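Asker: Start from the sequences, fold in the hints, and give me the full structure.
Next come the chains, spelled out residue by residue.
Protein chains: 2
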Amino acid sequence: MKQLEVDLGYRSYPILIGDGILDQADILKPYISGPQVMVVSNETVAPIYLDRLVAGLPKLQVLTHVLPDGEEYKTLETLNGIFDALLAAPCDRGVTLIALGGGVVGDITGFAAACYQRGVAYIQVPTTLLAQVDSSVGGKTGVNHRLGKNMIGAFHQPRCVLADTGTLNTLEDRQLHAGIAEVIKYGLIRDPQFFTWLEENIEALLARDPAALQYAIEHSCRNKSEIVAQDEKESGIRALLNLGHTFGHAIETGIGYGQWLHGEAVAAGMCMAADLSQRIGWLAPEEAQRARRLIERAQLPVLAPGEIDADRFLELMSVDKKVQAGRLRLILLKAIGEAVITDDFDATALRDTLTACRAA
Amino acid sequence: MKQLEVDLGYRSYPILIGDGILDQADILKPYISGPQVMVVSNETVAPIYLDRLVAGLPKLQVLTHVLPDGEEYKTLETLNGIFDALLAAPCDRGVTLIALGGGVVGDITGFAAACYQRGVAYIQVPTTLLAQVDSSVGGKTGVNHRLGKNMIGAFHQPRCVLADTGTLNTLEDRQLHAGIAEVIKYGLIRDPQFFTWLEENIEALLARDPAALQYAIEHSCRNKSEIVAQDEKESGIRALLNLGHTFGHAIETGIGYGQWLHGEAVAAGMCMAADLSQRIGWLAPEEAQRARRLIERAQLPVLAPGEIDADRFLELMSVDKKVQAGRLRLILLKAIGEAVITDDFDATALRDTLTACRAA
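Sequence order for the protein chains is H and G.
Just so you know, we're using my numbering here: the first sequence kicks off at 235 and counts up by one.
Just so you know, we're using my numbering here: the second sequence kicks off at 235 and counts up by one.
One should not assume that every hint holds.
Any copy will do: because identical chains look the same in the list, a pair fits if it lies in one copy or spans two.
Said to hold, decoys possible - Result set (SDA-like, lysine to any residue): computed pairs, CA atoms no more than 20 Å apart in a straight line:
no., residue 1, residue 2
1, Lys556, Pro269
2, Lys467, Arg327
3, Lys467, Ser246
4, Lys467, Arg393
5, Lys467, Gly353
6, Lys293, Ile261
7, Lys467, Ala388
8, Lys467, Gly243
9, Lys236, Ile255
10, Lys467, Gly268
11, Lys467, Arg245
No wet-lab data here; the hints were simulated from the structure.
Being a predicted model, the structure only gives us computed values, none of them experimental.
Answerer: Structure (structure tokens):
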């Protein structure tokens with residue numbers, strides 16, 4: 235088992251990565267605050283992993299709560315269902331929530347923990363690649379609003395993240411690919427060696443080679459935890475982690491949650507960011523091509539859906555959280571491995587990108 | 235104008251107290267973070283004060299959002315209505331929310347600010363005595379759940395509190411009295427001189443004597459800000475501020491929100507706490523009588539409603555946020571001006587209190 239640390243002073247916490255460690259849930263004991271635990275999962279993950287996780291937990295009052303599966307359920311209503319269950323138990327302030335599932339389960343469970351009785355402890359047990367390399371680390375929690383993704387939420391750090399690489403064996407191919415999008419992101423924004431490694435090992439990842447997966451997860455989590463330790467609440471460099479996300483959120487909102495997976499939308503979004511970076515002369519054409527090519531080899535979309543035209547895209551992007559004083563800010567690339575946040579781009583170039591990077 | 239400071243390091247903020255200062259909203263300028271402001275009020279307060287406040291604000295994009303009036307609207311649904319308005323505008327992360335109204339408006343607006351885009355700035359402009367002396371100071375925000383009051387929320391400190399004592403002139407008598415309950419609370423828990431002052435000046439307060447009101451507000455805010463500065467997130471002494479609240483919340487939940495005002499329920503709850511403190515030999519009978527007598531003179535209830543019997547009361551109290559590891563903890567009195575938090579009380583004595591302090 236590998237252990238990384240997210241360094242946040244007295245709120246620091248470990249990321250535990252290993253094959254089969256879900257069955258050793260007693261390693262979570264130091265991170266559980268009282269005698270009550272509620273495991274929140276979804277209807278897809280619970281039948282496979284819930285009993286295994288619960289069997290390993292220390293002797294406690296263990297409650298479980300199963301959500302429907304899908305981004306379309308990442309809402310205030312679903313959140314309120316968790317509060318109903320916590321209050322019906324009733325669970326007190328000493329309860330520890332455990333999120334067992336992908337990014338949606340993690341985000342909504344973390345937000346429930348942030349708000350229940352003004353804040354209780356929680357642990358992330360991510361079971362998708364996307365959640366293991368990205369959403370379970372860093373304390374961003376929240377739900378969607380019909381007018382924008384992740385618009386309602388809180389920064390609330392988990393006590394621990396337990397990533398069992400074995401759970402990826404039951405992941406659908408499409409979900410695996412979506413997770414690889416976020417892995418590629420770390421290479422693009424700050425880790426050119428990792429990007430090169432990915433170019434050389436993308437087939438091994440797609441084939442779920444255990445060593446390749448473990449390497450990719452570890453390097454992704456290391457990149458993420460270094461950024462979060464420097465800028466917990468995204469007042470600066472943490473925003474770089476949103477490469478492709480402003481475009482991606484617009485895609486997800488524009489076509490309706492649940493049509494494209496988050497990672498798929500981010501993949502197309504990163505290609506759009508690369509395209510715009512090239513248009514304004516920041517990124518060499520061959521570098522933009524390398525980015526696009528790796529995303530394509532990961533079997534991810536490189537174009538936005540044809541149904542969203544440029545005007546609609548701009549409207550959808552105007553509610554992005556990175557908008558400041560009415561100015562849209564984007565993460566763009568200076569090179570493979572070097573991203574910057576900027577509002578200094580030509581509006582015409584942006585419109586050209588939105589038109590050019592759209593499926594027929 | 236008086237200015238007190240809530241000392242919370244880099245998140246410190248001022249409480250501005252004065253007669254007519256609502257019309258000088260330009261004093262809020264240093265506490266507004268960007269060009270967008272949304273004033274949230276309710277249908278009772280808005281017609282009287284909204285235009286006056288907005289007229290004084292610096293040149294900004296000022297949006298307004300008016301809620302229905304009443305504790306029964308302190309819900310996730312009402313909260314979502316604020317998010318709808320913020321996203322429809324659309325307001326970005328630089329928006330500052332201003333809560334103009336009583337405790338419900340302040341709690342829900344503060345919680346909206348805590349969660350919108352994972353946290354934006356807000357300012358409290360309390361217009362009830364209860365909000366001026368208690369709920370607007372200290373950063374507790376939240377909404378109710380049908381299974382318990384204030385069960386969903388966050389700690390999120392305002393940038394500034396502006397308390398215009400002139401707004402109390404339009405307050406209904408019943409609301410004024412409910413606010414006095416929280417004023418009396420500070421005397422009971424930690425300020426025996428202030429309690430004595432209240433015994434001597436209760437009629438002046440009831441008659442809305444401006445000097446008496448200003449004195450009471452200032453001393454209440456000073457007590458509150460000293461406690462909050464020591465224990466922002468209620469891991470210790472801040473819990474003392476909940477004297478009477480565990481009983482009071484049970485009353486509010488038991489008879490349905492909006493039947494009794496919060497301060498009325500707290501008044502009866504403080505009498506119950508005094509009664510139990512006397513039964514277990516902590517508080518001299520004459521001191522318990524002094525507490526009860528002052529509350530009675532403030533025209534507040536000293537008994538719980540007859541419809542909640544002891545069993546139901548205990549059930550309602552079991553979801554209180556101060557329950558830890560299944561043990562109910564209460565704030566009890568050792569003397570006038572000395573409160574302690576404890577789970578060390580006789581269950582029979584508690585049941586006797588619940589039976590004795592109940593209206594026929």
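Asker: Work down the list of hints and note, for each, if the structure agrees.
Answerer: Here is what the structure says about each hint:
1. In this assembly of identical chains, the alpha carbons of Lys556 and Pro269 lie at most 20 Å apart only when taken from different copies (15 Å versus 40 Å within one copy).
2. When the C-alpha separation of Lys467 and Arg327 is checked against a cutoff of 20 Å, the pair qualifies only between copies, where the shortest distance is 12 Å, while the shortest distance within a copy is 24 Å.
3. Taking the shortest alpha-carbon separations for Lys467 and Ser246, both the intra-copy value of 15 Å and the inter-copy value of 19 Å come in at or below 20 Å.
4. Taking the closest pair of Cα atoms, Lys467 and Arg393 come within 20 Å of each other both inside a single copy (17 Å) and across two copies (18 Å).
5. Both within a single protomer and between protomers do Lys467 and Gly353 lie at most 20 Å apart by alpha-carbon distance, with minima of 17 Å and 10 Å respectively.
6. In this assembly of identical chains, the alpha carbons of Lys293 and Ile261 lie at most 20 Å apart only when taken from the same copy (13 Å versus 56 Å across copies).
7. For the identical chains of this complex, Lys467 and Ala388 are neighbours both inside a copy (10 Å) and across copies (16 Å), given an alpha-carbon limit of 20 Å.
8. For the homomeric pair Lys467 and Gly243, the shortest alpha-carbon distances inside one copy (14 Å) and between copies (18 Å) are both at most 20 Å.
9. Taking identical chains as interchangeable, the C-alpha atoms of Lys236 and Ile255 lie at most 20 Å apart only when both belong to the same chain, with a minimum of 11 Å there against 59 Å between chains.
10. Only between protomers do Lys467 and Gly268 lie at most 20 Å apart by alpha-carbon distance; the minimum there is 18 Å, versus 28 Å within a single protomer.
11. Taking the shortest alpha-carbon separations for Lys467 and Arg245, both the intra-copy value of 14 Å and the inter-copy value of 15 Å come in at or below 20 Å.
The structure agrees with every numbered hint stated previously.
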